[in-house]
Each structure stands twice: as structure tokens, then as C-alpha cells.
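Input sequences plus hints: build the corresponding full structure.
Number of protein chains: 2
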Amino acid sequence: MSASVLPFTNQEYERRLKKTRIAMETAGIDLLFLEDPSNMAWLTGYDGWSFYVHQGVLIFTDEDPIWWGRRQDANGAHRTVWMSDERVTFYPDHFVQSTERHPMQVLAELIRSKGYGAKRIGLELDNYYFSAKAYLTLQSELPDAAFVDATALVNWQRSVKSEEELVYIRKAARISEKIIDGALERAVPGMKKVDLVAEMYSDAIRGVEDAWGDYPAIVPLLPSGSDAAAPHLTWDGRELQSDAATFFEISGCYRRYHAPLCRTLYFGKPPEFMLEAEKALVEGLEAGLEVARAGNRACDIALALAAPLERAGIDRGARAGYPIGLSYPPDWGERTISIREGDETVLEPGMTFHFMPGLWMDDWGLEITESILIRENGAAETLCDRPRKLHIKD
Amino acid sequence: MSASVLPFTNQEYERRLKKTRIAMETAGIDLLFLEDPSNMAWLTGYDGWSFYVHQGVLIFTDEDPIWWGRRQDANGAHRTVWMSDERVTFYPDHFVQSTERHPMQVLAELIRSKGYGAKRIGLELDNYYFSAKAYLTLQSELPDAAFVDATALVNWQRSVKSEEELVYIRKAARISEKIIDGALERAVPGMKKVDLVAEMYSDAIRGVEDAWGDYPAIVPLLPSGSDAAAPHLTWDGRELQSDAATFFEISGCYRRYHAPLCRTLYFGKPPEFMLEAEKALVEGLEAGLEVARAGNRACDIALALAAPLERAGIDRGARAGYPIGLSYPPDWGERTISIREGDETVLEPGMTFHFMPGLWMDDWGLEITESILIRENGAAETLCDRPRKLHIKD
Numbered sequence: 001m002s003a004s005v006l007p008f009t010n011q012e013y014e015r016r017l018k019k020t021r022i023a024m025e026t027a028g029i030d031l032l033f034l035e036d037p038s039n040m041a042w043l044t045g046y047d048g049w050s051f052y053v054h055q056g057v058l059i060f061t062d063e064d065p066i067w068w069g070r071r072q073d074a075n076g077a078h079r080t081v082w083m084s085d086e087r088v089t090f091y092p093d094h095f096v097q098s099t100e101r102h103p104m105q106v107l108a109e110l111i112r113s114k115g116y117g118a119k120r121i122g123l124e125l126d127n128y129y130f131s132a133k134a135y136l137t138l139q140s141e142l143p144d145a146a147f148v149d150a151t152a153l154v155n156w157q158r159s160v161k162s163e164e165e166l167v168y169i170r171k172a173a174r175i176s177e178k179i180i181d182g183a184l185e186r187a188v189p190g191m192k193k194v195d196l197v198a199e200m201y202s203d204a205i206r207g208v209e210d211a212w213g214d215y216p217a218i219v220p221l222l223p224s225g226s227d228a229a230a231p232h233l234t235w236d237g238r239e240l241q242s243d244a245a246t247f248f249e250i251s252g253c254y255r256r257y258h259a260p261l262c263r264t265l266y267f268g269k270p271p272e273f274m275l276e277a278e279k280a281l282v283e284g285l286e287a288g289l290e291v292a293r294a295g296n297r298a299c300d301i302a303l304a305l306a307a308p309l310e311r312a313g314i315d316r317g318a319r320a321g322y323p324i325g326l327s328y329p330p331d332w333g334e335r336t337i338s339i340r341e342g343d344e345t346v347l348e349p350g351m352t353f354h355f356m357p358g359l360w361m362d363d364w365g366l367e368i369t370e371s372i373l374i375r376e377n378g379a380a381e382t383l384c385d386r387p388r389k390l391h392i393k394d
Numbered sequence: 001m002s003a004s005v006l007p008f009t010n011q012e013y014e015r016r017l018k019k020t021r022i023a024m025e026t027a028g029i030d031l032l033f034l035e036d037p038s039n040m041a042w043l044t045g046y047d048g049w050s051f052y053v054h055q056g057v058l059i060f061t062d063e064d065p066i067w068w069g070r071r072q073d074a075n076g077a078h079r080t081v082w083m084s085d086e087r088v089t090f091y092p093d094h095f096v097q098s099t100e101r102h103p104m105q106v107l108a109e110l111i112r113s114k115g116y117g118a119k120r121i122g123l124e125l126d127n128y129y130f131s132a133k134a135y136l137t138l139q140s141e142l143p144d145a146a147f148v149d150a151t152a153l154v155n156w157q158r159s160v161k162s163e164e165e166l167v168y169i170r171k172a173a174r175i176s177e178k179i180i181d182g183a184l185e186r187a188v189p190g191m192k193k194v195d196l197v198a199e200m201y202s203d204a205i206r207g208v209e210d211a212w213g214d215y216p217a218i219v220p221l222l223p224s225g226s227d228a229a230a231p232h233l234t235w236d237g238r239e240l241q242s243d244a245a246t247f248f249e250i251s252g253c254y255r256r257y258h259a260p261l262c263r264t265l266y267f268g269k270p271p272e273f274m275l276e277a278e279k280a281l282v283e284g285l286e287a288g289l290e291v292a293r294a295g296n297r298a299c300d301i302a303l304a305l306a307a308p309l310e311r312a313g314i315d316r317g318a319r320a321g322y323p324i325g326l327s328y329p330p331d332w333g334e335r336t337i338s339i340r341e342g343d344e345t346v347l348e349p350g351m352t353f354h355f356m357p358g359l360w361m362d363d364w365g366l367e368i369t370e371s372i373l374i375r376e377n378g379a380a381e382t383l384c385d386r387p388r389k390l391h392i393k394d
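Each protein sequence line maps, in turn, to chains A and B.
Per UniProt numbering, the first sequence runs over residues 1 to 394.
Per UniProt numbering, the second sequence runs over residues 1 to 394.
Since the hints were derived computationally from the structure, they do not count as laboratory data.
This structure is a prediction, so every number in the text was calculated from the model and none was measured.
Where hints are given, some of them may not hold.
As the list claims (entries may be wrong) - Capping the alpha-carbon separation at 20 Å, the derived lysine-lysine pairs in PhoX-like fashion look like this:
| id | chain 1 | residue 1 | chain 2 | residue 2 |
| --- | --- | --- | --- | --- |
| 1 | B | 269 | B | 389 |
| 2 | B | 178 | B | 393 |
| 3 | A | 178 | B | 192 |
| 4 | A | 393 | A | 279 |
| 5 | A | 192 | B | 178 |
| 6 | A | 389 | A | 178 |
As the list claims (entries may be wrong) - From the derived model, a few chain B residues whose C-beta atoms are all more than 12 Å from chain A:
| id | residue |
| --- | --- |
| 7 | 117 |
| 8 | 174 |
| 9 | 268 |
| 10 | 293 |
| 11 | 295 |
| 12 | 303 |
| 13 | 313 |
| 14 | 379 |
| 15 | 382 |
As the list claims (entries may be wrong) - Have a look at the derived ranges for each label pair, beta carbon to beta carbon:
| id | chain 1 | residue 1 | chain 2 | residue 2 | range |
| --- | --- | --- | --- | --- | --- |
| 16 | A | 26 | B | 118 | 36 to 44 Å |
| 17 | B | 15 | A | 110 | 41 to 49 Å |
| 18 | B | 143 | A | 28 | 24 to 32 Å |
Quick reminder that beta carbons are idealized off the backbone N, C-alpha and C, glycines included.
Here's what the structure looks like:
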């Protein structure tokens, strides 16, 4: 039994596999092993919260991919991948988190049995889930193989989105708008932050009319006041306070596709420096959107953003965005292009980014961001349509 | 500025550090680098969703730990760790997900500058977040160092919980009860699963009177009918169906501490084989709890569980539990002991486990589980107090 309902057409999976095989050939890779759950899903459809144990897919140049994982998760693979049953293989449970044996011993045996024991094997060396020990075990079990660093090889193939993918990202964007609208509307001083987070999750998961909500790859981030200086603090049991800003960094998620959106809410009268920062930031966003065009480079967006910020005396010291799409925890970015000085990647139609110039200063923070799509012609399209400003409740 | 409100007393952090230093000495480790966010938090208090970039803590035998991470996350470290400001160090943002440079180059320089460039350095070789590339970069940057595999070295120190930790786990257990109660009460055939998940998140995050809810390390799992054969499928947009079982695998989370709990709900009249499985499973759980005593071994629980299941003709083919406590995604287990045949770890008072004998058969599933505490005397205490049975709604 292969999956009865796949999220994408067979043509779409064929397109992805073909792109990947061309990249393998260019890199001189005979066999590619992928442990990144996003890459696994993108190529095979596999979907499940099983990435806390070793698993992966093997990509061949001349036969269908093989899903490989823990025995109990093979049932999930049968239900979600497009390949036929015999392309799903597994290792016995006593290899799971064992102090005596390693699942990569089983994978190595599979690789040998397929005739690739002395071939060039691509591995995602800098990726969550593929550990140092996994690499060392493969190295020791396959002494005749040549290992090639294939970090982000598939991630790069994901940069330009297909029409089918864009349908999903747009649905995620509708959910993002709903989450932000709800947060801005409901938040009042004295409200417990957990009550607000609960409502934000409710919006995220119920979704919108034609799109149910999946879990986003990052939990909602909404630090307040001085804590908003720290971009990655999560919530706590305290109440929302007057005379403080809270930013909302969230993403709707539809079939694992994301469209992050951040807005900031101030209770009371914002200090002058924050209003000035808002003005410079919005100006920078608009300047960045204007140059976010096919043919320009990723760094052009960063440079356009930086000019008004510099004039306002603000040094962000951080990149201003990253590609988005299909993702699993812990990151909704694709880990390829960075919107920052020095990244000369040429923008192509169909690329999607979170244009994310968060300001995290010593004791305050401000986030106003956009998920964007690079178009054939003209400036970037913002995937969400919400006022680009600091929201204020007196 | 160090954190104004720490989740634990200074004595508790001292206890943990002391235990870890003894383990380092036993393993012949001069300097320990930890990238596991759970180990980072357990030893320093650090809390933030920043583990999608390289970061970690350095543990010395004779000076306070150093938090090391991305520049923008240093603000979060200042606000959450017990160490003083100068023990928080960072790398510049252009190292983040760069194709040209690696954060471990900066860490290596820090290690050299502290005088450990030719010492024995412990690394978590088989851990999420510490990648193969991180290891290879350290190896190349520190050619005179000797690297020691310190996988799970700190995780093992976490096995026996302190009184302070047990307070948190018991709070998490109250939240777990609330989530399960709500799910069992609200679920009816025809209800959209996302509406149910939204309510489950609401219960999880609002928490109970004296405990707000944090995000659990695993999202709620609640596959139905044939899909319940696959333990790690997440939800979708479909409606709950009659004549099918849905299991709820969830955990409340308080200050990152977990107490997972699973129950199963059947709409209609369950088939005879499922009632027989329920009977054997409950019998096995009771037999397991009875031998889950200080002085017995982890495998004794697995063997006690297996006997009634075997009599009912059920071969699970999977381990039956793992230690629980402080955790970050993607796993709420501690990845040390496994409740399974062959694991002869002796049980000690204060150890906590998710006793998790899920049944995932070819086209159905049944989960009835308990989070347990090993006591000084007598059988294990179940941390949640809910009927141990298959729930049925006619």
C-alpha cells in the first residue's frame, strides 16, 4: 500500500527527483542519503514526527528512492510516501537509542547490498538529525566508500517553488494573517500571555476555510518589553504589561509549508526612539521589496534595507531573511540563501523568502516582517496583506 | 545581568554541575562541550528556541560554564542563565548558516584561548544539533586536541530527579491529565480533528491553577483507525469517524519538564480483538508497575509486561519506555535507559519513566501508558491518576 492521498501530483515528485538527480550528477554523487525531514518529505511525501530517531531516504540515479527508518515508523511511511511498499525498509527496534549498536550499521548493510559499498555517497554533514556518530559509523562500516558533503544539496533544489507549492504557501499565508489579526485584536494589558498563546494556537490549527492548520516548525515567539531584545525567548505565565512592546513572530503552516509574519504591538504611548525605529524599518522594508526582483542579488535586499536604518543610527548586526517553504522543526528556513551583505545569489522568479529585519536592541525589540515571492517582473509580492506598522493600543 | 528569576535554586545547579564534573573526571574529560539544548538548560538554565543554529555550553572542572551561541541569542542567555554576564560569549551573525565559514571555527578559537587546545574534549557525538560537520570542523581546527565521545554523559546524570525537579514533573502531570480529560470529553464522531487539537493545545498552554503550560517537546499525536498503526502520524483536516479507535499521545509541559500520558478512545462497539488486547495490555502494565522498583532492572519491567501480551498472541517488537524529564524538541525522552529486554540498568529511587507499551499493529493501534516514578520502597508511583483502560463512546 502506498499513500492513498498524496499532497502533490506524481509529476511534481518526478520534477523534484529529476532536479535532485541532476544536482547529484554535477556533484559526482552516486547515492544520496538524506536525513533532513524536510528533504525526505519534499522528495517522497513522508510525513511524521519520527525524526527523533535515525531515519532517512536513499536517492538513486536509476531507481525509486528507498525510505529507511525504525520498524514502527514503516507503517507511517506506507501511509505517506508515493513509492511502493517494497521501497520502505526498516531497522529493528533494539537499535533505537542503544548504547551498544547504531542504526547506521543497518543502513551500511543496505547500501552494500545495493552495490554502493565502494561508490561516492552524498551525506548531509551539517544538518540536524545526521549526527557526528552517524557519520563515523558509516565511515567505519563502509571503508571503501567515498563520502561527499551534500549539505543543503536538496535544500538548494527547493529554492524556486512550483505552482503547486505556491498554492500551499499562499494558504499558509492566510493562516498567518488570521493568527496575527487574532493576536493584535485580543491582546490587552493584564491578559495572561498563555491565554493569548492558546488562542494563537487555536487560530493556527483550525486554519482557514479551505486550509486546516499543521504545526509550524517554530513555536510562537512573543517576548515583551525588555525581553523583546532576545529574539528566541518563548512565553511564560506572566501577564501582558502596559507601556511595553510585544512582538509576535509566527507562521501559519499548511501541509508543512510556511509563510512567517511578524508584527509588534505597543500598549500605551510608544517612546520616540521606537517610533523613529518603526519609520526607518518600514522605509527599509519598502526599499528592500522594491529591489527584491528577479535578476538582482540577495545582498541587494539587505543593502536597500540597511540604508534608512543606518541613517536612523540602527546597526542590526544580523541577516535580514532566509528562504521559506516546506519545513519541520526546529527551523522554518531552508538554510541556503541569506539576505545579507556578501550573499550574491541571484534572485529567481518563484523564490520565497521571509524578509526578516528584526530589531533586537539592548533592552527592546521591534519586528515588522514580510514573507515574499520573487516575481517574473516587478518588485516582490508580499504573501500576507497586513498593515506594515507598529500597532498601538492606548 | 544574569537571570532575575531562575527556575531552580543555586544549590540545585551546583548539585548538577558537581555530578557532571565527577562524570567528566571518570571519563577523563578536561572540557565538555554540550550542544543538546536539554543538557544546556539543565546545567545553566538557558531557555530559548535558538537550537536551530549552532550553540552550546562549555563545562570546565574549575570555573563556571560558558554559554556560547549566536550574537542575537546572547540577549536570551543573559536573561535565563545563572552565570554572570562575562560567561556569555557569542559568534558574529555572518557565521549563521554560511556556505563559507562555520561557527565551530569561532568555538575552536575560544577553546584555544582558554588553554584547552591540546586537552581531552568531550563531545556529544550522537545528538541532534551537533552535526558531523561541527565535529569535522573542530577536528581540523584543534589538531592537538583529543576528542572523547561524551554522548549522553549529561543525560545519564539527569536520570535520578531531585525534589525540585519532581515538583515540576508533578505539575506537568496535572496538565497531562487536563489534556487527556478534555480530549476524551470533547471528541465525538463528526468533529474535525483540528478542532479537537486546538482545544488540546489550549488546555496544554493555559495549564492548571498553579502551573502555566510550556510547549511540549513533541506535538500531540492522535491518529485514528487504520492510521493508528503508525505511532508518529500527526493530525489532518479530516473528521473523527465512528467505529474506529483514536489514541491520544500527549504530554503536559511545565518549565520544560514532561509527564507523557496516552489513552485511546473508541467510537462504537470495539471489536473483540481490541478488547482482548486492552485486557492483556492493562494486565501487562500492572505487572510492569509491580516490578518497577528500586533494585530491579529496566528489563524486568519489559519482561513483566511481555508475559500477558504473549499469552494474548501480541508481539510488540518495540521497547516499552524511556526516561523522561526536562526536554526540548524533537524528543521528550532522555535517550539513556530503555525499558526493554537486555537493558540491565538498575532502577533507583527518583528515576522517572514513560512506561509506554504502545501497540501498533498492521491496521490498528492502542495506547494506554503511564508516566512513573521509582520510589524508595514499593511499586512505582504513577504520576497521573486516570483510569487505565480503553475509553468507549457508544
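Taking the hints in turn, this is what the structure says about them:
1. 269/B <-> 389/B: holds (15 Å)
2. 178/B <-> 393/B: holds (19 Å)
3. 178/A <-> 192/B: Roughly 19 Å between the alpha carbons, so the hint for residue 178/A and residue 192/B holds.
4. 393/A <-> 279/A: Cα-Cα ~18 Å, so holds.
5. 192/A <-> 178/B: holds (19 Å)
6. 389/A <-> 178/A: holds (17 Å)
7. 117: With a cut-off of 12 Å, residue 117/B remains clear of chain A, as the shortest Cβ separation is near 19 Å.
8. 174: holds (14 Å)
9. 268: Fine: 22 Å to the nearest Cβ keeps residue 268/B off the interface.
10. 293: Consistent with the label, residue 293/B stays out of reach of chain A, its closest Cβ about 23 Å off (over 12 Å).
11. 295: holds (21 Å)
12. 303: holds (15 Å)
13. 313: Answer for residue 313/B: holds, closest chain A Cβ roughly 18 Å.
14. 379: holds (26 Å)
15. 382: About 23 Å separates residue 382/B from the closest Cβ of chain A, which puts it past 12 Å; holds.
16. 26/A <-> 118/B: 36 to 44 Å: holds (40 Å)
17. 15/B <-> 110/A: 41 to 49 Å: At 45 Å between Cβs, range holds.
18. 143/B <-> 28/A: 24 to 32 Å: For residue 143/B and residue 28/A the Cβ distance comes to about 28 Å; the hint holds.
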